[in-house]
Each structure stands twice: as structure tokens, then as C-alpha cells.
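Enquirer: Here is how the chains run, residue by residue.
Number of protein chains: 2
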Amino acid sequence: MQNFLNLCKSAIGEEYVLLDEDQQAPYLQDWRQRARGNALAVLRPADTEQVAQLVKLCATFKIPIVAQGGNTGLVLGSIPDQSGTAVILSLQRLNKIRHIDIANSTATVDAGCLLQQIQIEVDKVDMLFPLSLASEGSCTIGGNLSTNAGGTAVLRYGNARELCLGLEVVTANGEIWNGLRGLRKDNTGYDLRDLFIGAEGTLGIITGAVLKLFPKPSNFATGLISIDSIQHAVDLLSLAKQLCHANLTSFELINHLSLELVHKHFPQYQRIFAKASPFYLLLELSGFGTEEQNTQQIENLISTAMEADLIVDAAIANSISQANNCWALRESISSAQAKEGKNIKHDISLPISAIADFVKDTNICIENAFPGSRMVTFGHLGDGNLHFNVSPPTQSEHKDFLAHQAEINRIVHDKTHQYGGSISAEHGIGALKKQELTRYKSPVELQLMRAIKSAFDPDNIMNPGKIL
Amino acid sequence: MQNFLNLCKSAIGEEYVLLDEDQQAPYLQDWRQRARGNALAVLRPADTEQVAQLVKLCATFKIPIVAQGGNTGLVLGSIPDQSGTAVILSLQRLNKIRHIDIANSTATVDAGCLLQQIQIEVDKVDMLFPLSLASEGSCTIGGNLSTNAGGTAVLRYGNARELCLGLEVVTANGEIWNGLRGLRKDNTGYDLRDLFIGAEGTLGIITGAVLKLFPKPSNFATGLISIDSIQHAVDLLSLAKQLCHANLTSFELINHLSLELVHKHFPQYQRIFAKASPFYLLLELSGFGTEEQNTQQIENLISTAMEADLIVDAAIANSISQANNCWALRESISSAQAKEGKNIKHDISLPISAIADFVKDTNICIENAFPGSRMVTFGHLGDGNLHFNVSPPTQSEHKDFLAHQAEINRIVHDKTHQYGGSISAEHGIGALKKQELTRYKSPVELQLMRAIKSAFDPDNIMNPGKIL
Numbered sequence: 001m002q003n004f005l006n007l008c009k010s011a012i013g014e015e016y017v018l019l020d021e022d023q024q025a026p027y028l029q030d031w032r033q034r035a036r037g038n039a040l041a042v043l044r045p046a047d048t049e050q051v052a053q054l055v056k057l058c059a060t061f062k063i064p065i066v067a068q069g070g071n072t073g074l075v076l077g078s079i080p081d082q083s084g085t086a087v088i089l090s091l092q093r094l095n096k097i098r099h100i101d102i103a104n105s106t107a108t109v110d111a112g113c114l115l116q117q118i119q120i121e122v123d124k125v126d127m128l129f130p131l132s133l134a135s136e137g138s139c140t141i142g143g144n145l146s147t148n149a150g151g152t153a154v155l156r157y158g159n160a161r162e163l164c165l166g167l168e169v170v171t172a173n174g175e176i177w178n179g180l181r182g183l184r185k186d187n188t189g190y191d192l193r194d195l196f197i198g199a200e201g202t203l204g205i206i207t208g209a210v211l212k213l214f215p216k217p218s219n220f221a222t223g224l225i226s227i228d229s230i231q232h233a234v235d236l237l238s239l240a241k242q243l244c245h246a247n248l249t250s251f252e253l254i255n256h257l258s259l260e261l262v263h264k265h266f267p268q269y270q271r272i273f274a275k276a277s278p279f280y281l282l283l284e285l286s287g288f289g290t291e292e293q294n295t296q297q298i299e300n301l302i303s304t305a306m307e308a309d310l311i312v313d314a315a316i317a318n319s320i321s322q323a324n325n326c327w328a329l330r331e332s333i334s335s336a337q338a339k340e341g342k343n344i345k346h347d348i349s350l351p352i353s354a355i356a357d358f359v360k361d362t363n364i365c366i367e368n369a370f371p372g373s374r375m376v377t378f379g380h381l382g383d384g385n386l387h388f389n390v391s392p393p394t395q396s397e398h399k400d401f402l403a404h405q406a407e408i409n410r411i412v413h414d415k416t417h418q419y420g421g422s423i424s425a426e427h428g429i430g431a432l433k434k435q436e437l438t439r440y441k442s443p444v445e446l447q448l449m450r451a452i453k454s455a456f457d458p459d460n461i462m463n464p465g466k467i468l
Numbered sequence: 001m002q003n004f005l006n007l008c009k010s011a012i013g014e015e016y017v018l019l020d021e022d023q024q025a026p027y028l029q030d031w032r033q034r035a036r037g038n039a040l041a042v043l044r045p046a047d048t049e050q051v052a053q054l055v056k057l058c059a060t061f062k063i064p065i066v067a068q069g070g071n072t073g074l075v076l077g078s079i080p081d082q083s084g085t086a087v088i089l090s091l092q093r094l095n096k097i098r099h100i101d102i103a104n105s106t107a108t109v110d111a112g113c114l115l116q117q118i119q120i121e122v123d124k125v126d127m128l129f130p131l132s133l134a135s136e137g138s139c140t141i142g143g144n145l146s147t148n149a150g151g152t153a154v155l156r157y158g159n160a161r162e163l164c165l166g167l168e169v170v171t172a173n174g175e176i177w178n179g180l181r182g183l184r185k186d187n188t189g190y191d192l193r194d195l196f197i198g199a200e201g202t203l204g205i206i207t208g209a210v211l212k213l214f215p216k217p218s219n220f221a222t223g224l225i226s227i228d229s230i231q232h233a234v235d236l237l238s239l240a241k242q243l244c245h246a247n248l249t250s251f252e253l254i255n256h257l258s259l260e261l262v263h264k265h266f267p268q269y270q271r272i273f274a275k276a277s278p279f280y281l282l283l284e285l286s287g288f289g290t291e292e293q294n295t296q297q298i299e300n301l302i303s304t305a306m307e308a309d310l311i312v313d314a315a316i317a318n319s320i321s322q323a324n325n326c327w328a329l330r331e332s333i334s335s336a337q338a339k340e341g342k343n344i345k346h347d348i349s350l351p352i353s354a355i356a357d358f359v360k361d362t363n364i365c366i367e368n369a370f371p372g373s374r375m376v377t378f379g380h381l382g383d384g385n386l387h388f389n390v391s392p393p394t395q396s397e398h399k400d401f402l403a404h405q406a407e408i409n410r411i412v413h414d415k416t417h418q419y420g421g422s423i424s425a426e427h428g429i430g431a432l433k434k435q436e437l438t439r440y441k442s443p444v445e446l447q448l449m450r451a452i453k454s455a456f457d458p459d460n461i462m463n464p465g466k467i468l
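From first to last, the protein sequence lines are chains A and B. Quick note: the first sequence uses the UniProt record's numbering, first residue 1, plus one each step. Quick note: the second sequence uses the UniProt record's numbering, first residue 1, plus one each step.
None of these hints come from the bench; they were simulated from the model. Small disclaimer: the values here were computed from a predicted structure and weren't measured. What you were told as hints is all true, and nothing was included just to trick you.
Identical copies carry no separate label here, and so any pair may be met within one copy or between two of them.
BS3-like cross-link-like pairs, simulated, lysine-lysine; straight-line CA separation at most 30 Å:
hint : residue 1 : residue 2
1    : 241       : 212
2    : 9         : 96
3    : 56        : 441
4    : 241       : 216
5    : 441       : 96
6    : 241       : 275
7    : 96        : 241
8    : 212       : 360
9    : 9         : 56
For reference, chain A alone in the conformation it holds in the complex:
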């Protein structure tokens, strides 16, 4: 083992092989403070060549490798187990934007670039990289790709997978695959790119990527709408797609309790509607023409929906600060729920046509099993993704309620499966949902996944114990 560590030190420099407990601490702790792993060492290579050298060493010594970006994952995918036998390979020092090609609408970046860093650099050349999520200030693009991150603009621009044209990957035996192609069409063999994307570091380590860029919108129109049922929200989504087509970039659901928790714990944000409603929607249209045209489009949508009796009330932001207030209400839900106390979270997706029935049905099941449970239902309705969280009844002890987490997960995930949905819409599987996966995936699908894993990583050194 000492020999292995010495070889690592020669490969990347002694200061980048972290052995000290304090130095290692931030790499070992998961972001939600639910688990902490142990590591033989934290390795911080400088570039792709060094990543390859380290992986070769690990392959030789059969040392498990946990690749890590910003360590902001929510499913315990980027920390090792507690055995202390694995190394963490941090990509943070691979943080260069290699090239922005304006005519090709692409950016070639190191895997360790922060998502926000990419957004900012691309913005400087008047373009847009549309991936956007709460942790964008600390997550890395390599992590975003390894988990196929989603976020608030999937409705219009797709997941991380759809925003990536090419990859550079270090394979499990330490070879470098240069697939950094900036091509919109390339039918030359199997789609390795999309196999590494979403594989959570279990098949290889993403070290670089070619990302798709888009024209930067010139303005945004933001509206908050109150609505009396999810079915009406789904009908409004169809209408919004018809009337606003590609300009519709966000369509977010907020249930009444979600909004009330925000107002309770963040009184600084302005209340929009005097009258309560069971659900609210946050809509955003990206405009490429004048601000007036964009406002007209959202006004037209709202008046058409009013006439069709789809919506109860609506408010259009008249200023950037009003728009920011709407977004703050949406983005503070998780924090507000956390301030209210511990709760049980689900990251699910459903066919949009099934969402209304799913919510009704599942709410009844939870109410029957755990009367008084408070449903904090919100999320990216436009792409079928709900954060379907459950808070304890007001009068009950949080820790007593949390003891029922497995039962509540079972109700929600069984119902999700029954309605044709996914038990992990955008967070991945990691170690947290590994057991769940075997419940909901067919044997044939699991067998195909295992065949890929064995083919790419026969010694099982790439992030072992995750996904499969």
C-alpha cells in the first residue's frame, strides 16, 4: 500500500495526495450530511494524463476509485464506503475552459469546471449554456454529466445528456478515450458517450466534454399563476406549448403548503396572491425579440387560459426584482422545508398525462397510512419531474415520523412505478437507491446493465457499490 501511495506521489506530486484526516474531511462527507465514508487517500491530479496514470496504478493494485467533482450529489454516489480501501479521485484541478467555438456553438471544457464558471464564460460571448440547478455554484460539469443532471430548463433544452456532444474519458484500465467531437451528426458505431453519461463514475472517469451552446435570450417573461388542480396545470402546459412553443423554458409546480412554508420561514419574500389556492405555477418564457413581444406572449397565454377556465389568478412580473421574487419563492422550498424539520424526499418523474391521478392516488395512500402527513409537492412539472416530499404531521415528533421512511418510500415508489414513472428523475442511484433499483427494474434490464459493467470494468474498481 505504501508502494502504491509513493507511486501516486511521484505521478502527481506529494502535495496532491491527501492523507491527513482534516484535509480529507470535505471529500468524505456527503452534501446532505447523511453519511461519511473513509478513503485510503484523496488524489488531486492536474490533468487528463495524470488521471490516466493514477487509474493505471489503481488498476495494477486493484484499488477502488471514487471519482468526485463538486461532491454535491444527493444519492451518496460521490463518496466512498467506510472500509477505507478506496481512493477518491478529485477532478477539481481539471478546471480549464479549453475552447469556445462560437460558429459551431460549442464549448470544450475540463470535467472539473464549475457549472457556474461555464455559464459565466459562455455568457461573455453572448451565448447560453442552459443547464441550471440549485448547486451550480459548487457542482462541476463532470459530475453533472456523470449523473445526467436535470434542473429548471430541461423542458426546453433537455438534460445534461442532451447538452453534450462529445466526451473525453479515462477507462477502467487507464486508457484515454478522446471522443471530444463537436458534431451534431455522427453515426459511426455505438453511442459510448451516452453510456458514460449518467453512469456515475462506474464505467470510467469523464475528464472533458464538448457542450452545446445556444443563442442567449434577450429577455424573460415570468409569471406566477394560481390554479385549482393538477389536471388544470397539465392542460395549461399543453396550451403553453402550443402558444409559446420553444420560448417556454420553465413550468414549475408549487403546492399550497410549499408556498406557505416559504412565507413562514422566509418572510422577506413578497406574497403574490391574497387568496390561497391549492397549487401555483411559475412560468418563464425566454424572449429573443423585444421585451414587449415576450410580454404579449405570456399575456396571451394567460388570457386564453382564463377564458378556458384553466386558471384562477395570474401575476406577471413587471421588473427583474419581481421576477427574482417569484424564483426565490420557488427555490426556497427545500430550505423552508428543512427549517420546518426533517422530512422524507422523493425525486420522481411520471408521464405528464399520469401526474394528476398519481398525486391524488398517492396522497390518499399516505394519508391512510400516516394520517396528517403534510405533502410538500413541487418540481419541474414541464418535464414530469416532481419533488414529492413528505413532512410529518404538525403535532408529531420528526424522529418518530422518520422511522417510517422506508414505508413511505415504498408507498411513493410503488405508486410511481405503477403509473409508469421513474424513482430517480434527476439525482441518480448512487448507493442510496441501489436496493430500490432491484425492486423496480426488470431482470433483463439489470442483466444488460451488469453485462456492460463487467465488460468495461471487469475488476470492479470504478466506484464499486454504486448503481449495481
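Since the structure of chain A is provided, determine the placement of chain B on it from the hints.
Expert: Same frame as chain A, but now just chain B:
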């Protein structure tokens, strides 16, 4: 062997096991009449269950299987070799549209549905399935997915891969994987869907799919533009993306010779510009508002481009028949070139920023090696895909020229590779480009592809001799 055939007959009915040479003929001949294979039998199962039964029989008897849709492929991917040891498994009888889900914007279809059939059924519910290509009246969606088909709307809507949410696949051991999920977000393990898409039937047989639908545009604005260089065309593309963003659905390049061949062989089509230009562009904007708004948008683009000296002349179609005339000019290029005589075709893609230099450089190389060669350069410039075809010099014999096919391919493909491009943008590899693949792919990429093939199809019975 007789035993195998008898078991096939019991599985799907005697009339659907074609042994007769005349009956087999259309399945054996490739679409471009360049090659003809032989088959033990042509099997025509009725549904997914029957496909699975047949694959199980083939697995037991180690009989190679060539899955076939409309047999319109261009790379000899859907016909067997000449040994006569393989069966052709035709998906044509799996031709039901299973379900259209309007609220979810999806259609679930059998693999043997004709592309056009899907377009028409979806149109009836006022939605759009945007995949569109020349053979849409005879190709099947299973073939489109197996080859990750492209076509004229990739710029806006993506390839077949990006238009598919879920698959049903019969694996190499005859099991059915039901991955017919209609979800926009689903991060539960490896991306099997995108691995089967584009695998040309070498990993399994696609029997069904969930397709993404879009709002149907209410009108189209079509323009033909004359332009003096490819660099200006690329600059115009950037401008068009900025000004028209998602409304820009087609951006097609036509060089002077391409257009002249069309006018020579199809005199029924109207000439648009009196004055010749080295290049022309066909633009289409899909409108979701009024026709007037859409016309304004294309007029605004053209006047902005005129002021920037990017374009020489422009004509906007004033009627559907004028728009159809523009499209007929574009879509008759291949036929016109065929009427002119045999020629050497290339289906390449490049980073858009490299196209102008690539064309200049490659034209010089071909002119030096084969003086007088006539370049028929056209294609989907908006997504970097050129059909970079070479016709013989006017005075030379076509067959003498065709003898140099390998040398000309080498020049074009080496240059494509040098400029970061792909030697097969949208047609795939099949048997035709298998050798080429080993020249341009890195050993590590080939090795990863072979690992997948061995893992999924260890006995090599799924379309052997294709891709790898």
C-alpha cells in the same frame, strides 16, 4: 436446418417463413442496387412475442439474424452476406401505432411502422413528429432508430436518438426488454436506450418505441438565398440562430453545380435566380404565430444579412407552390446527379466552424489528383452534414472514374478526419464502411465497442459483419 425451419413455421405460421427465391428477392437486394445477399429464410413475425420466439430459436441453432425494416439503408446494413447462412427477420408486420398520448406529447409505436404513417397519424391530432427524410414513405421507424436517422430537421429537433424516449428490444438471447418509458427525466442506471439506437441491429432488435411529439407549426416561411462563399453561409447560420432561434428548422446548402444538374434534368422546376452564384441556401422557418409574423422574421433576417454584406440575393416563397418548388430543387439533387451518371458519394459531418476550410482544402486535393472532377456539394449545413459527392469530369468515362472510388474516398475521409469530422453523419456504418471505421477510430474506442458487442451478443448472431 430443416428442424430449425419447421420450428420457425410453428412459431409464426408457414406462410410467414419465405423460402422461395422470388418471394425473398426484395429482402435480399440493397436499395441502391449495389449488392445482393442470400438468406436461409425471410421470417415475418406478427408481434414482439413472435420476434422473441424466433430469436430464441436462432440463438439455440446459432443462426445469424439480420433484422430488416424498410430496407432503404445506404450502407448495406440491412441485407445479409452471400453465404446464405443467415435469416432475415422482417419487422414489417409489426406496424401498429400503439398509443398517442397528447398530454405527454408521445406516441408509442411498433418498430415496423412506416415513418410517414407515424407522421400522418400524429398530424391528425394536430401534433408533429419532426423526423423527415427522403425515404419516409418506405423506411420504418425501427430502421430509423437502429441507424439513428437524421434528415432535414435535425438542426431544430435532433436526430432519431433525440426524438426517442423509450424502447422495446428483443435481446440476443430472445428476451424482451420493456423500456417503453415516456419520461423526459429518468436517471436509473445505464442508458441502454441510446446504446440500441444506432447499433444497426448488432446488439438486439428494436420492436417498439416511445417517440417525442411537438406542437405542430401553423405556417412555414421558405427562402432561397444566393451567397458567394461557404464562410458567409456559416456566418448567416449564426445570425439566423440569433434572430430566429428555435423557429429556424432547415438550413440547407446547395452548390452551383448541384442546382445546375437539377435544372438540366428536371426542367419542370422553376429557376429562381437569373444570376448564378457559387452557393445557395434553402431556409425554412416554422411559425407558431401568424403567417405575417413568420414572414416578418425571415424578411428581417434577410435585410440584416444584406446590410452585413453576407448574401447576394434572396427570394421568399409567396405561396405553398413556390415553397414546394424550392424544396423540389433541393430534394432532386441526388436524382439529378444519378441521371447525369454514376458518382462517388460521401455522407460526412464537420464542426460548422471548420466547413469552409474543409471544402476549400478538399476541393483542391481532389482537383490536383483528378483534374476536372465535378463537385456536387450539398446537404444539411445547419447541423454540419454535407453530402460531398464527386461526379466525373464531363469528358471522362464514368466507369474509368469510378475505378478511382477508393482513392477519392481516402482523400475525402482523411480530410474529414483531419478537420474533426465524421465519415458517416447519418447513414451509419453497415458493411460498407466497416473497413473505414478501423482507419479512423482509435484502438481504445474500437475496443470499448467490441466489449459491448461481446457482452450483449457473445455468439455474434445479431447482424454479424456489420459495424465491427
